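The chain contents come next:
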Amino acid sequence: MKFDQARWTRETPEEGGEVYEPLLVEKSSRAVETDDAPLPDDLTRDGVELPDPAEPELARHYTRLSQMNYGVENGPFPLGSCTMKYNPSFTEDVAALPEAATHPDRSTDSVQGNLELRHRLADSLARIGGMDAVTLQPPAGAAGEFTGILIAKAYHEQNGNDRSEIIIPESAHGTNFASAALAGYEVVSLPSADDGRVDVDALRAAVSDDTAALMLTNPNTLGLFEHDIEEIADVVHDAGGLLYYDGANLNALLGRARPGDMGFDVMHYNVHKTFATPHGGGGPGAGPVGVVEELAPYLPTPQVREAVSDEADDGEAASDDGEVSYERFAPEHSIGKVHGFAGNWLVLVKTYAYIARLGDPGLRDTSAKAVLNANYLASQIDYDIPFEPFHHEFVASAGRDAADVAKRMLDYGVHPPTTKWPEIVDEALMTEPTEAESRAALDHLARAFDRAAADSDEALETAPERTAARRIDQADAARNPRLSWHALDDE
Amino acid sequence: MLDAVGVESEDHLFDIPEEIEFDGTFDIEPRAERAIREEIAAMLDRNHDLVEFLGRGHYDHYVPSAVDHLADRSEFLTSYTQYQPEVAQGFLQALFEYQSMLVELTGLEVANCSMYDAATALGEAATLAVRVRATSGDRVLVPEHLHDGRRAVLDSYLAGTDAGVESYPMDDGIVDRDALANAIDEGCVMVYAENPTVRGTIEESLGEIGDLADDHDALFCLGSDPVALSLLEEPASVGADVVVGDAALGLGAADGMGLGLFATREAFLRQVPGRLVGTGEDSEGRRAYTLTLQTREQHIRRERATSNICTNQAWVALRAAMHVAWLGPDGLVDLAKESVTRASEIADQFDAIDGVTAPVHDRHHFREVVARTDREASAMKDDLEAEGYAIHAIDDHLVQVCVTETNADRVDDLVAAVEAVA
Numbered sequence: 001m002k003f004d005q006a007r008w009t010r011e012t013p014e015e016g017g018e019v020y021e022p023l024l025v026e027k028s029s030r031a032v033e034t035d036d037a038p039l040p041d042d043l044t045r046d047g048v049e050l051p052d053p054a055e056p057e058l059a060r061h062y063t064r065l066s067q068m069n070y071g072v073e074n075g076p077f078p079l080g081s082c083t084m085k086y087n088p089s090f091t092e093d094v095a096a097l098p099e100a101a102t103h104p105d106r107s108t109d110s111v112q113g114n115l116e117l118r119h120r121l122a123d124s125l126a127r128i129g130g131m132d133a134v135t136l137q138p139p140a141g142a143a144g145e146f147t148g149i150l151i152a153k154a155y156h157e158q159n160g161n162d163r164s165e166i167i168i169p170e171s172a173h174g175t176n177f178a179s180a181a182l183a184g185y186e187v188v189s190l191p192s193a194d195d196g197r198v199d200v201d202a203l204r205a206a207v208s209d210d211t212a213a214l215m216l217t218n219p220n221t222l223g224l225f226e227h228d229i230e231e232i233a234d235v236v237h238d239a240g241g242l243l244y245y246d247g248a249n250l251n252a253l254l255g256r257a258r259p260g261d262m263g264f265d266v267m268h269y270n271v272h273k274t275f276a277t278p279h280g281g282g283g284p285g286a287g288p289v290g291v292v293e294e295l296a297p298y299l300p301t302p303q304v305r306e307a308v309s310d311e312a313d314d315g316e317a318a319s320d321d322g323e324v325s326y327e328r329f330a331p332e333h334s335i336g337k338v339h340g341f342a343g344n345w346l347v348l349v350k351t352y353a354y355i356a357r358l359g360d361p362g363l364r365d366t367s368a369k370a371v372l373n374a375n376y377l378a379s380q381i382d383y384d385i386p387f388e389p390f391h392h393e394f395v396a397s398a399g400r401d402a403a404d405v406a407k408r409m410l411d412y413g414v415h416p417p418t419t420k421w422p423e424i425v426d427e428a429l430m431t432e433p434t435e436a437e438s439r440a441a442l443d444h445l446a447r448a449f450d451r452a453a454a455d456s457d458e459a460l461e462t463a464p465e466r467t468a469a470r471r472i473d474q475a476d477a478a479r480n481p482r483l484s485w486h487a488l489d490d491e
Numbered sequence: 001m002l003d004a005v006g007v008e009s010e011d012h013l014f015d016i017p018e019e020i021e022f023d024g025t026f027d028i029e030p031r032a033e034r035a036i037r038e039e040i041a042a043m044l045d046r047n048h049d050l051v052e053f054l055g056r057g058h059y060d061h062y063v064p065s066a067v068d069h070l071a072d073r074s075e076f077l078t079s080y081t082q083y084q085p086e087v088a089q090g091f092l093q094a095l096f097e098y099q100s101m102l103v104e105l106t107g108l109e110v111a112n113c114s115m116y117d118a119a120t121a122l123g124e125a126a127t128l129a130v131r132v133r134a135t136s137g138d139r140v141l142v143p144e145h146l147h148d149g150r151r152a153v154l155d156s157y158l159a160g161t162d163a164g165v166e167s168y169p170m171d172d173g174i175v176d177r178d179a180l181a182n183a184i185d186e187g188c189v190m191v192y193a194e195n196p197t198v199r200g201t202i203e204e205s206l207g208e209i210g211d212l213a214d215d216h217d218a219l220f221c222l223g224s225d226p227v228a229l230s231l232l233e234e235p236a237s238v239g240a241d242v243v244v245g246d247a248a249l250g251l252g253a254a255d256g257m258g259l260g261l262f263a264t265r266e267a268f269l270r271q272v273p274g275r276l277v278g279t280g281e282d283s284e285g286r287r288a289y290t291l292t293l294q295t296r297e298q299h300i301r302r303e304r305a306t307s308n309i310c311t312n313q314a315w316v317a318l319r320a321a322m323h324v325a326w327l328g329p330d331g332l333v334d335l336a337k338e339s340v341t342r343a344s345e346i347a348d349q350f351d352a353i354d355g356v357t358a359p360v361h362d363r364h365h366f367r368e369v370v371a372r373t374d375r376e377a378s379a380m381k382d383d384l385e386a387e388g389y390a391i392h393a394i395d396d397h398l399v400q401v402c403v404t405e406t407n408a409d410r411v412d413d414l415v416a417a418v419e420a421v422a
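So the sequence lines, in the order shown, correspond to chains A and B. Okay, so the first sequence: first residue is 1 according to the working numbering, each after it adds one. Okay, so the second sequence: first residue is 1 according to the working numbering, each after it adds one.
Only chain A is shown next, with the shape it has when bound in the complex (with noise of 0.2 Å):
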């Protein structure tokens, strides 16, 4: 397969130059001024500039962009950690039914609708993640852990514990130790042991009565399973603290072990990972996170449950048609929100959608081919794979420049894996082609690897050369930051 990414260039005369796709300003752009507003002189501003292009020229300028953007549509994703699978597209077409978008202030009874289908997925998801209770309202994976730290903190708080510590493995997502700091909490980083796991013994030194909580994925971010982790999970609960699981490796677990069997008392799920609804270059996401049932009361503001009609004899929530009907409600103890309304509700309505499809069989189905695909990629390269046995992704050492690897990788259609992390590995390609991909594609991936490898240091270091831009020099963006085409006039 040949690889060409569509690349837009056009002669910019004035600077005697030449530009790719040029900004929308440079096409077309026009100041308005605004005082013939209803409004007083002194309540306005006196104008603004902004760019005016007719409908066509837009959908061609977007189109333009937009085949000078790679997705998942275009070839294999396979950045570790980030899961990339395929997104079903009807699972778009749902979440823009037009009875889904309502305001969130609605009463609840206009809305047992979105109601029961929030109740339905945040069922679904504590039976999947084997919790008492789930909250879909984190707007994303971080905010998640933000919202599961703030959690714990409410629980140590209201039984009289002030406790000020967060433990964190070091080869933990970044987000873990920033949203534990955002909490207020001081971070101990925990070392790896050589097998690449949990280190119990260093565990055991760094619990004690300051202890608020452990953050841990599991699998990690090796792509190892913590097999000690209920020994883990012993520690950490007999010196007082909780057990936090991060969702972002959740994808190799489905149907196959469940966090809340292993000891966590919170844990948050990336529906944008695990449940395969787009990632739309950077978000939206949704961050839902389940509980413990002592947990429970803490989750944030509103939750949704079924209501119990005051007419049912029986106690059954019914109304009078004989639906199920279902109420908002705040928990005892609530930490409050984290989120100005509800969280991403058409993320939400997207992974509800993609779960029933799936359905039992199908999730077990997902972790088998994803921890298969993985392997199956890892037996076909040519690369130093120090730490095995992986599930769902593995850590390949690239043996030179990680970074040089990955943008020879994009000359040969795929994106590549993240790069130079986690640093226990050297020179890391942290690699996880999904369960979503073909053999085909599998192996299309490998050639890409082992080509990469073969090439010379010249040919790496000057790639990529067949993609929309060749090699950007990162260094003297961070240097000289220009952030708007404003700065670019002042240039």
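Hint data in this document are derived by calculation from the structure and do not stem from the laboratory. Don't take every hint at face value.
[Said to hold, decoys possible] Have a look at the derived ranges for each label pair, beta carbon to beta carbon:
1. B/S378 with A/R10: 58 to 68 Å
2. B/Q271 with A/E231: 23 to 33 Å
3. B/E266 with A/R10: 50 to 60 Å
4. A/H486 with B/A379: 32 to 42 Å
5. B/Q271 with A/V200: 47 to 57 Å
6. A/D401 with B/R304: 22 to 32 Å
7. A/T12 with B/D15: 55 to 65 Å
8. A/E458 with B/G187: 54 to 64 Å
9. B/E405 with A/E57: 20 to 30 Å
10. A/D426 with B/S237: 46 to 56 Å
11. B/D148 with A/D382: 26 to 36 Å
12. A/R10 with B/A181: 20 to 30 Å
13. A/D401 with B/Y62: 46 to 56 Å
14. B/D374 with A/H486: 49 to 59 Å
Note that the structure is a prediction, hence the values are computed from the model and not measured. Heads up, the beta-carbon is just placed ideally off N, CA and C, and yes, glycines get one too.
Given the coordinates of chain A, work out where chain B should sit on it, guided by the hints.
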């Protein structure tokens, strides 16, 4: 594939101790695509078909079809954060254009390429203020009339700091300048105000609020949205240090799903939360785009990052930028002017109804107004809902209504319904 890996079945690839293997069921039946469409449609059919006159921080502006069709192109929708810029120029340029539009609308030098919503953007502004004014104090001042959700999220974001939130009084719908002057001191790290306010009033003393904040070395954070920003006073000109808000464009009604705006002065560049797209050059000397200043971010700086945000609302930002471009400056400013006129017109129509006084605040309004009702507001709201209209009841005898181009043609019907139940 199993042979290549050297196992008999996929099950042999799982390294999970037997004791914690899951052998139960989730009780989730797989369904066919068509069945799921029907199931979800049937569920959503339980939502009542109401004409919404709801606002208070979440606005339903008509989203042009072009936005749906272009943003739904799979190269945008199915891509990830742009860690490999050479193969992600399209999205990076679109985000750069989004940032640029916010820079134009706010007059500030730096805008990030999104937060989750207005509430989380406000929370991030406050944590920024706490960081850059760490030595001076720990008080964050917010207006008495503030959306509950924004206040609650702000409290959550400050839960990990020593800072506390206090509200200052308002006077007939806008900031009470004297009360604010009394409340502010050298211990304030941030003063927050909104334009328009949650009650739809247009703030009249932004410059003075900016001066007050500046005199006390506190950051001035202004809440707004792109439609309002195109017409109302430019934040930079009134001394705003940070602008936050919800986009109100590109998404329509989505049960509260939003797009958090965040813009600030260049002085705070290294303290900005979230992702920034900048220009650079590629090896052919052409202008190209890349995520930049990533050393502020969680994946590099970990617990010393300026924020924990990673996944943001990039695709919604793309939609908002497309929407602004589709409107053009004339369309955007016209939309803003109509937001003023429509609010004033519905206030007049309400005021003509026996038992209703509108607007309650003798101010200029944007998109929405508060009205006083002789009847109990919540009872009136319920009666209107039975007639097919949704409005806010915000106090015992106060209701609030919001008009945009999506419900403007139903205002007369609403007014008739209010007459009937007032």
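Hint check results:
Checking the proposed 58 to 68 Å range against B/S378 and A/R10 shows it holds: the Cβ atoms sit about 59 Å from each other. For the pair B/Q271 and A/E231, the beta carbons lie near 42 Å from each other, so the given range of 23 to 33 Å is not met. Range check, B/E266 to A/R10: about 30 Å between beta-carbon atoms, so the 50 to 60 Å window is missed. At roughly 52 Å, the beta-carbon separation of A/H486 and B/A379 lies outside the given 32 to 42 Å, and the hint is violated.
Restraint check, B/Q271 to A/V200: a C-beta distance of roughly 39 Å breaks the suggested window 47 to 57 Å. Checked against the hint of 22 to 32 Å, the C-beta distance between A/D401 and B/R304 comes to roughly 26 Å, which is consistent with it. Against the hinted window of 55 to 65 Å, the Cβ-Cβ separation of A/T12 and B/D15 comes to about 57 Å, which satisfies the hint. Hint check: A/E458 to B/G187, Cβ distance near 60 Å, so the stated range 54 to 64 Å holds.
Distance hint check: the CB atoms of B/E405 and A/E57 are about 23 Å apart, consistent with the given range 20 to 30 Å. A/D426 and B/S237 have their C-beta atoms about 53 Å apart, which keeps the hinted 46 to 56 Å range intact. The supplied range of 26 to 36 Å is broken by B/D148 and A/D382, whose beta-carbon atoms lie about 59 Å from each other. In this structure the hint that A/R10 and B/A181 lie 20 to 30 Å apart at CB is violated, the actual value being about 54 Å.
A hinted range of 46 to 56 Å for the beta carbons of A/D401 and B/Y62 is consistent with their spacing of about 50 Å. One distance hint, 49 to 59 Å for the beta-carbon pair B/D374 and A/H486, holds here, with the actual separation near 52 Å.
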